[in-house]
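Asker: Protein sequence lines correspond, in order, to chains A, B and C.
Residue numbering for the first sequence is 10 to 238, as defined by the working numbering.
Residue numbering for the second sequence is 13 to 986, as defined by the working numbering.
Residue numbering for the third sequence is 162 to 470, as defined by the working numbering.
Hints are not guaranteed to be accurate.
What the hints assert, rightly or not - Interface residues of chain A toward chain B, partial, derived using beta-carbon atoms under 8 Å:
1. Ala30
2. Thr165
3. Cys166
4. Ala191
5. Lys234
Unchecked claim - Below, simulated EDC-like cross-link-like pairs (lysine to aspartate or glutamate); rule was C-alpha separation at most 20 Å, straight line:
6. B:Lys562 <-> B:Asp528
7. B:Lys969 <-> A:Glu103
8. A:Lys73 <-> B:Glu243
By construction, these hints were calculated from the structure, which means they are not laboratory data.
Virtual Cβ for every residue (Gly too), placed ideally from N, Cα, C.
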Amino acid sequence: MKLGLVVDLDTCVGCHGCATACKQWNTSGTIGPLSDKDPYGKDPNGAWLNRIRTYEVGDTPNSKTVHMPMSCMHCEDAACVTVCPTGASYKRSEDGIVLVDQDKCMGCNLCAWACPYGARELDPNEGTMKKCTLCVDRIYDEKLPEDERKPACVLTCPTKSRTFGDFDDPNSEVSKLVRERAGKQLMPELGYNPVNTYLPPRNKPVAVKYETTGIAGKVKGWVNKVIAR
Amino acid sequence: MTSQENRIAIVSDLPEFEDRDNQETKYTTCYMCACRCGIKVTVEDNKVRFIQGNPNHPINKGVLCAKGNSGIMKQYSPAKLSSPLLRKPGTERGAGEFEEISWEKALGILEKRLKRIRETDPKQLAYFTGRDQMQALTGMWASQFGTINWAAHGGFCSVNMAAGGLYTMGHAFWEFGDPDWENTKYFMMWGVAEDHSSNPIKLGLKRLKERGAKFVSVNPVRTGYQAIADEWISIRPGTDGIFALSMIHVLLKNQLIDDEFLIRYTNSPYLVVNTPGVKGDGLFYRGESDNPQVWDLQKEAYVDGNQPDITPALFGEFTAPDGTPLRTAMSILVEKYLDDQYAPEVAAKECGVSAEDIERIALEMAHVAFKETITLDVEWTDWAGRKQDKFVGRPVSMHAMRGISAHSNGFQTCRSIHLLQILLGTIDCPGGHLAKPPFPKHVPPGIKPAKTNVPNTPLKSPPLGFPTCPEDLVIDDDGQPLRIDKAYSWDAPISCHGLMHMVISNAVKGDPYKIDTLMLFMANMAWNSSMNTAQTLEMLCAKEDDGEYKIPFIVCSDAFNSEMVAYSDLVLPDTTYLERYDTISMLDRPISEPHAACDSVRIPVVKPDRDVMSWQEVMVEMAGRLGFPAFTKDGGERKYDSYKDFIVNFEKEPGIGFLAGYRGEDGSKSLRGEPNPRQWEAYEENEGFFEFELGMNQRYMRHANKDYLELAKEAGWVGSTDQILIEVYSEKLQTFRLAGQGLYDGPMPTEAHHKERLVKYFDPLPIYYMPLEEQRIDRDEYPFHAVNQRPMFMYHSWDSQNAWLRQIMNQNYLFMNRIAGEKLGIEDLSWAWVESHNGKIRVQVKLMEGTNEHTVWTWNAIAKRGGAWGLSDDANEASDAFLMNHLISELLPVKGDEQDRITNSDPVTGQAAWYDLRVKITPAKEGETGAWPEFSALKPQPNASKSPDMLSYSSHKNVNLVRSWADTLFRGDK
Amino acid sequence: MHPAFSVLIFTVVSGAGYGLIFLTILGHLSGLAVLQNQSLLLSSGVLSLVMISGGLLSSTLHLANPKNAWRAFSRFKTSWLSREAVFAILFYPFALLYLIGVWMQGAEIAAVFSLAGWVAAVLAMITLFCTSMIYASLKTIRQWNSALTPVSYLALGLMSGGVLLLMLQIMVDDTASDVLKNVALALLCVGVTVKVIYFFWIGKPSGSSIKTATGFTQASVRLLDQGHSSNGFLNNEFGYTVSANKLLRIRFLAVAVAFFLPMLLVCLSGPFALVIATLAMLAGLLAERWLFFAEARHVVRMFHGDQSV
Ligand SMILES: Nc1nc2c(c(=O)[nH]1)N[C@H]1C(S)=C(S)[C@@H](COP(=O)(O)OP(=O)(O)OC[C@H]3O[C@@H](n4cnc5c(=O)[nH]c(N)nc54)[C@H](O)[C@@H]3O)O[C@H]1N2
Ligand SMILES: Nc1nc2c(c(=O)[nH]1)N[C@H]1C(S)=C(S)[C@@H](COP(=O)(O)OP(=O)(O)OC[C@H]3O[C@@H](n4cnc5c(=O)[nH]c(N)nc54)[C@H](O)[C@@H]3O)O[C@H]1N2
Ligand code: SF4
Ligand code: SF4
Ligand code: SF4
Ligand code: SF4
Ligand code: SF4
Ligand SMILES: [Mo]
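Generate coordinates for the entire structure from the input sequences, incorporating the hints supplied.
Answerer: Below, the structure is given as structure tokens:
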């Protein structure tokens, strides 16, 4: 199994819903807490597993705004795992989820250095590395209702721009989306083979103009039609 | 997305993640904003584990926004108030010196004061509420108290949209209607950054894009929703009216209108008296009857325009038997908008949208409306009892909000947009703009604003209503305003939500009179919800010569240590949304969806750990203590022992109460029925909401749908089953205009500027005019428009106390177009001065592509006073963030004429004109950094909990997933 | 990259220690005449151990959760940091054995001690190489991800070892031999050459840009909002930014102080000059190492708005 997310850049409005859903689920979840330094003071700064960035593509007047949510891509060639000296970071062989064993991490930051996607953040209180767990504690928890065994960010996304599934299964929804919408990896040239895939903005629908006769009607040109009220 | 596909087989070697036996799931309604999503809260040991969307809920269908997902941090905010507070005797208002008092004492103080006011001069109590959701209760309370000085936030929020719609078609944008997301093929969004329907809009946009429908956004700024629009129209602020009317010009020029819709459902065939300068001009021709007349093409006679089966002429000029010249309303309309002033080439110069685009978009919409019509083969019965075999849908839809409403031409612009929808026949049809029960109502709803002021006596009608002619104004015999906010006066005759933004200013000036007590609920008037904040703070502290405050007593109900708290004399701490009972009532604007009437409740999910009481409870308690008739039995004893009890047993009329669901003794009745003693339990069992699905035959054309209207009457939503006629031409507005012209048999203004405003702005057909501030300032001196946007992850001032949300944003920038900024020599991230006719502020600038060249903007309400909201004195919100409010005056720019002291609002509705602001921008000097003006930090409350330096929230001990030693030591690269 | 002071100290000081012990053992065991002096060998050995240990200790200071530092030995299979840790520890028994030999037997040591010496020397270089590979293996930081990184770590380690050795000689022996002088000068030349090549090389543009990072390869891409107002962990770790001018000045300073000044002083000879040469070199190398971090630009920066790295 190769689990991961597909994120639709055509519909993401950058609402940050997925980011805070992630924060609230995971702060009490398996890698939690996700601490916040100076939460009510100057420059508050905490550990988040999912951040939303906004870009403008192109120059005035031909530009576009794009919101890009980013969390761990659960890379197939995850250097964050290979560099980790303590073995705290690992990639599950069953499903490819990359996790950090909080009991083992020594907070050396090396894995964060190895990650091109900014997916790892050091917890300011605990000194251990935090990252997206793909909500392993939701997707496999049999005590949750079946429909809810999905990542918190996917469940919450108000534009349904996030889809979770198995990229190894050609019939899964994620595989289909990647095929149909020409899904892209970010920074493929680095060779990490990120599993998470981004769907680029769609082509604009073609709108048809009403074929007009070309004769501009004048006020007097209107004719009453007999229409019953 | 089906859940099926995303389910993953269980892998064996995972531990039990957390002990769920210890957890409880409860359902209630989110109140991180006014969207009112259903939430499912997992609680353990009175601590919140997780808040998620309720998948069964009609509003959000399981999804939540960023705020909703951060409820935990609101619940555990250090800014929560923890007991009633009384300003320390001898200290100044604003100094924030309070003593803790008991509820008994607090309620005693309030009771004594209110009792005296009620016995003497009830209007001495001004009771105003902010972004609340309980206007049905607070409004009723005010009526029972007997004060006309009540309103909610609508006047500074979006009354232009409410009035624009309710005076046109009986429903509206805002919370009154939605696009038909499932069927629309062309969607145009005007001036919306987030709105109240925040999750439904997002869900809707996704559906729409999936279906390949076209999404056009009209907005000077391209962020959020506009980012995913297929076409972004970068309009110059305040000019949407001309853009819409110019599209109407294009449609009319090409004769692309839905004449059948106009004839059957609107007043456009009505005959209008055409006698300029003479009394009666512009009113409908009624002949001998009470009803407006039309010309019947088959009978070739004047007939009563409201009858079925007539064949009215849509166009034409006629002469009445008595010689009165007449024209159909439609003829006036066609002549008006075919005028060259609405030609795309002319409009383009004003609004900045190219003539080609104006024409193209109009024709694209016409194509979808008339060539891509959809039909639903559903039998229904029209208002006249005639069977119809299908609903015809013209799948063009629109949504508009504060980008339209927060301008002083917003009412007419809103009407212009509705007119565009009406001409295309897209009202309440499949794919069009749908109403949400209890709307539509008759045009306008039949409630008149109260005018009375009698001691110890409830008002005869609610404080707010819908005037239809000058007689309905709330003015005295001299034409002077009776209300403290001057609502329903000649300044703003149709101000049907009041003018909350004027209360403090007027009360301090004693214009029209002084008040005794100002009672605020959920309104941060000492900061982000006032115009001209710095001066408002001074006004709140202004004293008479004798040392008494000009506003003698200020009471506020707040749940948090907001800026307003420091400026109050008595502070009544509210519960949080997770701690209280509440109703989102059908008597107000409930959570309905177009196809279902819905309402909902809040049910406590955690127990408060402080000495707090919900405002609902305070209201019921006070009503009992003061002996309001509706709250007491004949003998004078109290009828209701609590809010819960009140909700269950109160009946507005037989069978109609605050909650429409599970009525009748056994809970089997919907919409109307006797009180059900187990109603709360029934709501609780149904996950906190009630949903009444309309039959397929009741879902569209509800303004003329008998089956629907009968239901609506039974449910008390409308007063009669008569057709709700769409008013393309507003005779009601014309009566005011006639008053302005001196041609009215009834109250007429005496001051010249009032006359002028009535004549200019009360056009019975939608018009465009330059916003008032722009008319009164030097446009070259102040070359930029300055507007705000709601961030999707912050609700006004509520969320800077939220440890998670404030990390997303604790500083706002002044955004401007990169090229415009470069022209002024302003660098990205540099500091600059922004100046308006009213004042100046210093801000940090961010240059971007997606902003109209003539516009600068910022996120709303990010700045805070240091010390407020549990924040440290040096929090970024206090040092780097800024409020645009300082630049906005509550009065029109001074020009030395009699309009100088008139409210900076829409002249029709009194809607606060926040976005009319014009500014100039100059780079700050070297070393000039940080936001300005600066404000001293506020003091923490005596019993405030200390804000921690480090936060590691978890509802239980986290369960780690452990990697095995063997795997750690021996696993290779993969 | 944010230059953590503890890491600068660690790499410079322990690098010099490894270089020193390597050169000492190499010279000693290959029979170089000037290195058959027991007190010189002992003082060099002790100094290098002190420097290495001090450096290693300093490196743990940047751990946020040092109580788990011992676990760093467990991922020898893939992690260069783990390998470094393992080799660093392995080095100690051999180095100590060798020094015990020298201490007990003088310059003429038994085979077992000299074998230990050879192993220690090799381990010193391997450890230094592992350290360099921690950086060189990171594809996310182009300025590090190159053979030049291990080459320069080794060259600079040896260079600083060479200068240190020369200085020790004059302190212990009162003379500075020509051979050690020439070795030091040669290593200084190698060092400066490697570094200058490195400085030129990192000027080349890389294949990644904000366009490949975001996937929008057809048009310009600008950051509008990073999603959080105040800087977070990633900004602090990777967002370290120094003006190009300042970097250039520090480059000149580092090259002058780490290489040319020591060269001059080595030529001048004399105990004072050589102490100054050593101190200058170490200070210069600290600046060089600071640059190594300050000029390294992590690809994450592009997500935060940098056009390229
Ligand atoms: N997250 C969140 N949601 C909220 C709120 C909140 O504070 N936060 N507040 C709630 C409240 S009280 C309200 S009233 C609603 C308001 O919801 P919105 O109507 O979405 O309000 P604004 O954020 O004021 O957005 C106004 C939009 O209009 C644009 N605009 C400004 N001037 C013009 C103009 O002249 N023409 C056009 N076409 N566009 C213009 C602005 O760029 C902006 O995008 O949101 C409600 N929902
Ligand atoms: N510059 C500028 N100013 C604006 C606007 C703009 O676009 N630009 N928009 C305007 C609009 S549309 C609106 S609606 C207003 C909103 O204005 P308001 O409704 O006045 O402001 P809010 O900031 O929403 O919050 C009011 C108070 O409610 C309190 N509160 C929160 N939760 C609770 C609770 O559970 N119980 C009680 N009792 N109190 C609670 C908060 O602590 C806060 O003090 O702002 C207006 N101000
Ligand atoms: S919740 Fe969905 S729409 Fe919102 S930022 Fe995340 S992905 Fe985008
Ligand atoms: S995104 Fe980063 S943290 Fe996640 S697997 Fe890839 S390299 Fe590792
Ligand atoms: S920070 Fe923790 S998880 Fe990351 S490399 Fe170091 S020990 Fe491993
Ligand atoms: S999958 Fe879970 S952990 Fe990962 S970003 Fe989504 S919510 Fe966060
Ligand atoms: S939109 Fe968000 S904050 Fe508003 S009610 Fe829904 S979940 Fe709550
Ligand atoms: Mo509002």
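Asker: All the hints need checking, so say for each whether the structure fits it.
Answerer: Evaluation of the provided hints:
Checking A:Ala30 against chain B by beta carbon gives a least distance of about 4 Å; that is within 8 Å, so the hint holds. Interface hint status for A:Thr165: upheld, as the beta-carbon distance to the closest one in chain B is roughly 5 Å, under 8 Å. For the restraint placing A:Cys166 at the interface with chain B, the shortest Cβ-Cβ distance is roughly 6 Å, inside the 8 Å limit, so the hint holds. Given hint, A:Ala191 at the interface with chain B, is violated; its Cβ is 16 Å from that chain's nearest Cβ, farther than 8 Å.
Taking 8 Å as the C-beta contact cut-off toward chain B, the hint placing A:Lys234 at the interface holds, the least distance being around 6 Å. With a C-alpha separation of about 9 Å, the suggested pairing of B:Lys562 with B:Asp528 holds against the 20 Å cut-off. Proximity of B:Lys969 to A:Glu103 is assessed by CA-CA distance (about 26 Å); at most 20 Å being required, the pair is judged violated. The hinted pair formed by A:Lys73 and B:Glu243 meets the criterion: a straight-line CA distance of about 10 Å does not exceed 20 Å.
Of the numbered hints listed earlier, those contradicted by the structure are 4 and 7.
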